[in-house]
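Using the sequences provided together with the hints, build the complete structure.
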Amino acid sequence: RRKMTINTVLAPLEWKDHKINLVDTPGYPDFIGESVAALRVADAALFVVDAVAGPQVQTDKLWKLADTHVLPRLVFINRMDRENANFDQVVAALHARFGSHVVPTEIPIGQESGFRGVVDLIDMKAYTFSAGKATEAEIPDELRAEAERYREKLVEEAAEGEDALVEQYLETGELTNDEILRGLHAGVRSAKVIPVLCGAATQGNGTKQLLNEIISLFPHPAERGDVATADGNTLTANGTAPLAALVYKTMADPYVGRLSYFRVYGGSLRSDSQVFNRNKDKIERVGQVYVMRGKHQIAVPEIPAGDIGAVAKLSDTQTNDTLTTRDSGIALAPIEFPKPAISLTIEPKSKADEDKLGNALHRLAEEDPTIHLSRDAEAKQTVISGLGESHIEIVADRLKRKFNVDVQLGAPRVPYRETIRRHARAQGRYKKQTGGRGQFGDAVIEMDPLPRGEGFVFEEKIFGGAIPRQFIPAVEKGIRESLHEGIVAGYPVVDFKVKLVDGSYHDVDSSEMAFKIAGSMAFKKAMEEAAPVLLEPIMHAEVIMPDDQVGDVIGDLNAKRGRVQGMDPSGTGTTTVKAQVPMAEMLRYTNDLRSITGGRGSFEMSFSHYEEVPAHLAQRVAEDASKGRGAAAD
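My numbering applies: residue 3 is where the sequence shown begins, and numbers increase by one.
Derived Cβ-Cβ restraints for the label pairs, each shown as a range: (1) 614 with 358: 40 to 46 Å; (2) 227 with 353: 54 to 60 Å; (3) 570 with 52: 31 to 37 Å; (4) 224 with 374: 33 to 39 Å; (5) 404 with 459: 46 to 52 Å; (6) 205 with 285: 46 to 52 Å; (7) 341 with 600: 18 to 24 Å; (8) 21 with 133: 22 to 28 Å; (9) 456 with 102: 57 to 63 Å; (10) 403 with 164: 50 to 56 Å; (11) 374 with 472: 42 to 48 Å; (12) 379 with 206: 53 to 59 Å; (13) 97 with 626: 51 to 57 Å; (14) 328 with 52: 48 to 54 Å.
Taking lysine-lysine and the BS3-like style, the derived pairs with C-alpha atoms no more than 27 Å apart in a straight line are: (15) 526 with 499; (16) 433 with 463; (17) 382 with 402; (18) 479 with 433; (19) 66 with 194; (20) 402 with 351; (21) 18 with 135; (22) 434 with 527; (23) 501 with 479; (24) 433 with 526; (25) 382 with 358; (26) 297 with 210; (27) 315 with 358.
By construction, these hints were calculated from the structure, which means they are not laboratory data.
Cβ coordinates follow ideal geometry from the N, Cα and C atoms, glycine included.
Structure follows, in structure tokens:
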């Protein structure tokens, strides 16, 4: 429906007596959390690059994630049959971005509509395609010199895979086909060599050669070595070790319930068994385990070490939990998901939707750890945070599709505050006579500003019994209840001190209620005299962008009233800019940054402190708040 992948999908297949688990991941940046989870449980990464467009923004981002896991990888240049397809140009772009160890193991025969086969640079044979089938042929004469040139580079990379091969290559200048495969396998396993293949996948052209190289060059699970544990140590993963499985994805279904996807690192996870959830410290009853092919569940007796499977209806298990045995002591290192970058309010459209919304949101948040939910008690709004607007919009779509809950999204309310700038003194006198017993309370207060972040302080300085002791707490209560709505724009008042210095009372008519009202009256009068101002939250932002876009990003931050605190070049083509920016200017920054950097920038943001709002902007905020209160009253 959206013409793009938004979920990780598992597609296992068998090829030449090997099982391959393909974990297809989204490419759109709003769903990078799915890719992060997949890379954590994968043994290798296959990057599919367009033969026309070449490597894209997400190629860079996911390549860096693969680097963090030292993942072996291959690159498949797809769509070689498209107009303007250019193999050499894409390889050059790969070299420029990822280094000279990105090396073709085959080159195309023809391009665009003339693409008809490939030359295998390992065995130096040509394969022509027809109806998805490859036929062995002689290398075309016009490609012989190019194939020799590419093969020379390939042999050099293969030789570096093992010391013995380096010596042999230096002595003879050549390696056998088996030695090339052996050297490439070692180089790929250590992520030092990245082979490049090509084809036209929708025609089936080049995919069999790709599968052959996945089997011959990618490491099998046991070759990947030890697995990181939560305590910073490692676990040797094999079939004879105790059970160790990491739940890397959770799917919430209103009919089937929770479906947990897991990767087994040690032992095996069997159907109709019991496992111990290390994170929750609970025993889980396992029913049928499945191999998943897309949405289809294939029942199997067990999922062995190295394999990926799924199980339904685990009662307490969630993403990042370790399934093991009680006495193993194993806890696998969790997946580190990216932090949310944008927040929106989410409200039900009807009373019926309101009743179902909380449970449905909770289920979807279990499914996607990059979604965060919070409640803004001040604005009485539910806030949903995610990696981008598309990310949150799809959550809203899933609420409708999966749980029949209609919602509307909106910009969150900026949590402004109010404070004072000078000393003030005021009297609150409440007197009411109704024929019977009246009400009387009289309080005199002094108000002073406090340093930012100090909140509210109340002091009692009554002498001579001007106000009886039992009524003093009522004065404080009246002030505390009133400070939730200031006089500038109706926002909470912070960072001030009140001293109760004088007052009077009536033997009969005075009461706690009267003094609470008197305290509130005194507070509001003092606020008017104390030069009240509006405060806004200032956020600490760290923005990462390509080096050539630093000027544009800084210019935009300056236009947002930001103050750049410093820059940190990485030395690998990106720079981190640290800045303090008003929250009101950053509500839609995800879209702004994506537009400026072509999707190549990212950022994290956290609260820093409050600062005074410039007068002209404060007036606008006050007018908007007044309109909002008027609309609410209507």
